[in-house]
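One line per chain: the protein sequences are L and S, in this order.
Under numbering that gives the first Met the number 0, read the first sequence as residues 0 to 474, first letter to last.
Under numbering that gives the first Met the number 0, read the second sequence as residues 0 to 85, first letter to last.
There's no promise every hint is true.
Per label pair, the in silico range of CB-to-CB distance [claimed, not checked]:
#1 Phe460(L) <-> Met0(S): 24 to 32 Å
#2 Gly17(S) <-> Trp122(L): 32 to 40 Å
#3 Gln470(L) <-> Asp37(S): 52 to 60 Å
Below, a list of computed lysine-lysine pairs in the DSSO-like style, where the Cα atoms sit at most 27 Å apart [to be verified]:
#4 Lys264(L) <-> Lys6(S)
#5 Lys264(L) <-> Lys72(S)
#6 Lys121(L) <-> Lys366(L)
#7 Lys1(S) <-> Lys71(S)
#8 Lys36(S) <-> Lys97(L)
#9 Lys366(L) <-> Lys264(L)
#10 Lys1(S) <-> Lys418(L)
#11 Lys264(L) <-> Lys97(L)
#12 Lys418(L) <-> Lys36(S)
#13 Lys71(S) <-> Lys418(L)
#14 Lys72(S) <-> Lys2(S)
#15 Lys97(L) <-> Lys72(S)
#16 Lys2(S) <-> Lys97(L)
#17 Lys264(L) <-> Lys1(S)
#18 Lys6(S) <-> Lys97(L)
#19 Lys71(S) <-> Lys97(L)
#20 Lys71(S) <-> Lys264(L)
#21 Lys264(L) <-> Lys36(S)
#22 Lys28(L) <-> Lys264(L)
Derived from the structure by calculation, the hints contain no laboratory data.
For glycine and all other residues, C-beta sits at the position ideal for the given N, C-alpha and C.
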Amino acid sequence: MNWESLIPLILFIIIIFCVGIWSGGYLKKSTSFAQDYFLGGRSLGGFVLAMTMTATYGSASSFIGGPGTAYNQGLGWVLLAMSQVATGYFVLMILGKKFAVVTRRYNALTMVDFLKQRYQSKWVVILSAVSIIIFLFSAMAAQWIGGARLIESLIGIEYTTALFIFAVSVLIYVTVGGFRAVALTDAIQGSVMFVGTLILLIAVIIAGGGIPNIIADLTAENPNLITPFGADGSLTPTYVSSFWILVGVGVVALPQIAIRAMSYKSSQSMHRAIIIGTIVVGVIMLNMHLIGVFARPILPGIEVGDRVMPLIALEVMPNWLAGIVLAAPMAAIMSTVDSLLLLVSSTIVKDVYLNYVKPTASDQRVKRLSITITAILGVIVFIMALNPPDLIIWLNLFAFGGLEAAFIWPIVLGLYWSKGNKYGALGSMVAGVGLYILSDSFFPQPFGLHSVVMPIVVSFFVYIAASLATQKKTV
Amino acid sequence: MKKEHVKIANREALIGVGLVIFNFVWWFAFAYGLGSKDPQEYTYVFGLPAWFFYSCVVGFIIMAVLVTIVVKKFFVAIPFDEEVEE
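With the hints as extra help, turn the sequences into a complete structure.
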């Protein structure tokens, strides 16, 4: 065990704890528990909003492999990752003020609430709730496994023990503190990611003998590493560009991101968040992936991509500093897991229970139920992560693309096109998810594009066509 | 939502679309415009291949500056809580 780098990590977890519990104190005085627990009372300021978006999103991107893939592919993968800069401004500008006003008018606390009020259809609600629960639950389990693996490789304890530490720390602050705790801890985690990747990048550049030296080493190994086309030339411009849909503009439709776009206090906080968010996302993405590429000449031959970050940090920095910096990837995973956990729990309590099981439940009852469901979910995920079923792994592959294909048009057109109706929404959700799973399983990369692109295009036309065809019915 | 507020919201969404298109074109043009040559012929800026420097580093800085200017100059603050009208 490596105590010198372990102590900063433990300190980091303790700080996160305290913040979580401190925000729990605020909940005790709450007059509207559901709104405060699931949405932080719509009171986020600019900085916290920017950070919580970045941090939640920051490891949504780890499903495309992050620094580990950059290590194997070279600068082409950094180029691909930079498509994510767009999320920094795009999400908040598109959902923007309209979403903020409309969700307040509807008194919506979740994305499904918004869809329910907008389309007035039981089926839209059920279908959305089911897809959120299934896809995000799997995504969460996968992140959970990643978090435990990271702790395992860092401090050399067993996978199960690592998983336990990880699960308990996340569970406590989410259960006690709700959305506000998640947002505040995200702000800390986002800052750690920002500073941590910056320090590490500088240390890596120094260890590699300067950028020109590192680039020369890479060219000597394989000139393709410094081209935009990837180590074996397989990253075509079409394929890389289609990531602008998957990890760039499509992110608008991820429920864990959209919910944040209804949680802020005022226009001013939104404006600040757009500026801060763009800068922070860009810096983190650029640094994190460049670290991956630059690590290659310094530490050749790392086989498991996920280990690139921990290994390079321990290599180029003193242990205690590595411990601080390594809190960064851990922060990224924790901040994704916590928001997913809360989102799945809100879908169950708010969208299913309060809509269909017992709409008249008292505030006290909602409170107990929310906390219990959050805790139970956490425990189930923990058990699943101990011995992950294949179904979970399989579903996780579709999680982000599937949610984007399902929700992008019902949300965006629902906001900006008054003729859109429930038939359009239902049609586009079914077409989007169905086609995405089919396409990914049977003809991946149609026309050289990522398999999420076609379903998004098709579901757009389905939404428009179905809405127009049924105009008379809904009048 | 008041009419002028709807207008503001719609305009800002369109600005978002415009920015993302500009961002994409800049990113694509420099990456593949300068990067499609043989690596032997690459030029370098601060040690990084020129395509990467202009596309990813300069591109990002330009977007950060552009977003800041656009938000400060063109975005209008509106209240989110509507007065209930009968």
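Taking the hints in turn, this is what the structure says about them:
no.	hint	result
1	Phe460(L) <-> Met0(S): 24 to 32 Å	holds (28 Å)
2	Gly17(S) <-> Trp122(L): 32 to 40 Å	holds (36 Å)
3	Gln470(L) <-> Asp37(S): 52 to 60 Å	holds (57 Å)
4	Lys264(L) <-> Lys6(S)	holds (21 Å)
5	Lys264(L) <-> Lys72(S)	holds (21 Å)
6	Lys121(L) <-> Lys366(L)	holds (25 Å)
7	Lys1(S) <-> Lys71(S)	holds (23 Å)
8	Lys36(S) <-> Lys97(L)	violated (45 Å)
9	Lys366(L) <-> Lys264(L)	holds (23 Å)
10	Lys1(S) <-> Lys418(L)	holds (19 Å)
11	Lys264(L) <-> Lys97(L)	holds (14 Å)
12	Lys418(L) <-> Lys36(S)	violated (49 Å)
13	Lys71(S) <-> Lys418(L)	violated (33 Å)
14	Lys72(S) <-> Lys2(S)	holds (21 Å)
15	Lys97(L) <-> Lys72(S)	holds (19 Å)
16	Lys2(S) <-> Lys97(L)	holds (12 Å)
17	Lys264(L) <-> Lys1(S)	holds (19 Å)
18	Lys6(S) <-> Lys97(L)	holds (10 Å)
19	Lys71(S) <-> Lys97(L)	holds (19 Å)
20	Lys71(S) <-> Lys264(L)	holds (18 Å)
21	Lys264(L) <-> Lys36(S)	violated (49 Å)
22	Lys28(L) <-> Lys264(L)	holds (19 Å)
Of the numbered hints stated above, those contradicted by the structure are hints 8, 12, 13, 21, listed in ascending order.
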